[in-house]
Amino acid sequence: MGNMDHRAKTIKILFIVLQIGMGGLFIIAGTLKILDPSNFLNAIETFQLLPYPLAYISAYLLPWMEIVCGLALILNKGQQIALIILTALIAVFIIALALSWGRGLDIVCGCFGKPGSLKTNYPLLLTRNFAILAALILILIRNKKIVSR
Amino acid sequence: MNPFIKESGLICLIALFLSLLTWSFHPGAPDYHKVELEDGEILLTTALQSTDLVLWVDARSKENFELDHIPGAILLNEDDWEYLLAEFMEKWDPDLKVIVYCDSRLCRASKNVAQRLQDELQINNIYTLHGGWETWTIEQKR
Numbered sequence: 001m002g003n004m005d006h007r008a009k010t011i012k013i014l015f016i017v018l019q020i021g022m023g024g025l026f027i028i029a030g031t032l033k034i035l036d037p038s039n040f041l042n043a044i045e046t047f048q049l050l051p052y053p054l055a056y057i058s059a060y061l062l063p064w065m066e067i068v069c070g071l072a073l074i075l076n077k078g079q080q081i082a083l084i085i086l087t088a089l090i091a092v093f094i095i096a097l098a099l100s101w102g103r104g105l106d107i108v109c110g111c112f113g114k115p116g117s118l119k120t121n122y123p124l125l126l127t128r129n130f131a132i133l134a135a136l137i138l139i140l141i142r143n144k145k146i147v148s149r
Numbered sequence: 001m002n003p004f005i006k007e008s009g010l011i012c013l014i015a016l017f018l019s020l021l022t023w024s025f026h027p028g029a030p031d032y033h034k035v036e037l038e039d040g041e042i043l044l045t046t047a048l049q050s051t052d053l054v055l056w057v058d059a060r061s062k063e064n065f066e067l068d069h070i071p072g073a074i075l076l077n078e079d080d081w082e083y084l085l086a087e088f089m090e091k092w093d094p095d096l097k098v099i100v101y102c103d104s105r106l107c108r109a110s111k112n113v114a115q116r117l118q119d120e121l122q123i124n125n126i127y128t129l130h131g132g133w134e135t136w137t138i139e140q141k142r
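First to last, the protein sequences are chains Y and D. The end of the first sequence is residue 149 by the numbering used here, with every number in the run present. The end of the second sequence is residue 142 by the numbering used here, with every number in the run present.
By construction, these hints were calculated from the structure, which means they are not laboratory data. Beta carbons: idealized from backbone N, C-alpha and C, even for Gly. Watch out, some of these pointers could steer you wrong.
Residues on chain Y that point at chain D, a partial pick, calculated with CB under 8 Å [stated by the list, open to error]: (1) Ser38; (2) Met65; (3) Val68; (4) Cys69; (5) Ala82.
Bound conformation, chain Y alone:
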């Protein structure tokens, strides 16, 4: 019984750390983007997916969505909807990356602000985004289980 409690406690702490970590990650990502919206707009344009007006709006809105949702995860307020929004965002990023890879584009990720001058490493970017997606879904499922108990 004691072991079970200890295990449950450890898992609970791990999920809290994971949720705060994810929150922090999105706050950093959003902040780096919003510090230089011009650069992020250029990055969005290299994907050649959105018409200019939508790319322009996204250059302002996406970073703040990341920051606000990241804060929601850290503060544990409205975290379920924040997780759903972030999961949807990451899924969209994954699709956009895959499409660009398929079209052979040399895109600028812009994921964490100003990029280096290295050639787009699609496998690395996709692996990273899938890892984030998996972490978000794990937290989402666990939180849902707790709520439905």
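Following the hints, position chain D against chain Y.
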């Protein structure tokens, strides 16, 4: 009201409000304008992101070139074409991406130089820099 709708609405509203604040007050906020690239033009961002080796060609006047230029750029304008072309040929290599620039998006010197290089030397890996030197200096100040 469904709490999910309420919470998602609240998150979107906060993000929208902060976006509007950024748009209004951020000193580096981009202006709303669609960059229309002409044939053979390249954006500075794209040029800097390119993994190809770039040979920058300055098509402005010699005076302006001597005042300042993109690091590594060589001078090639139509004022002294034959002489400068020989210098260009010393630096040029078929593997290099050639990017020609002039003063701003309104000048045509870069287009003319690029056209001549294409016609006379059959160089195909050649572009003109959108916004020219003006864009370069703005980027350096940011």
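- Query: Which hint numbers doesn't this structure obey?
  - Reply: No numbers; nothing is violated.
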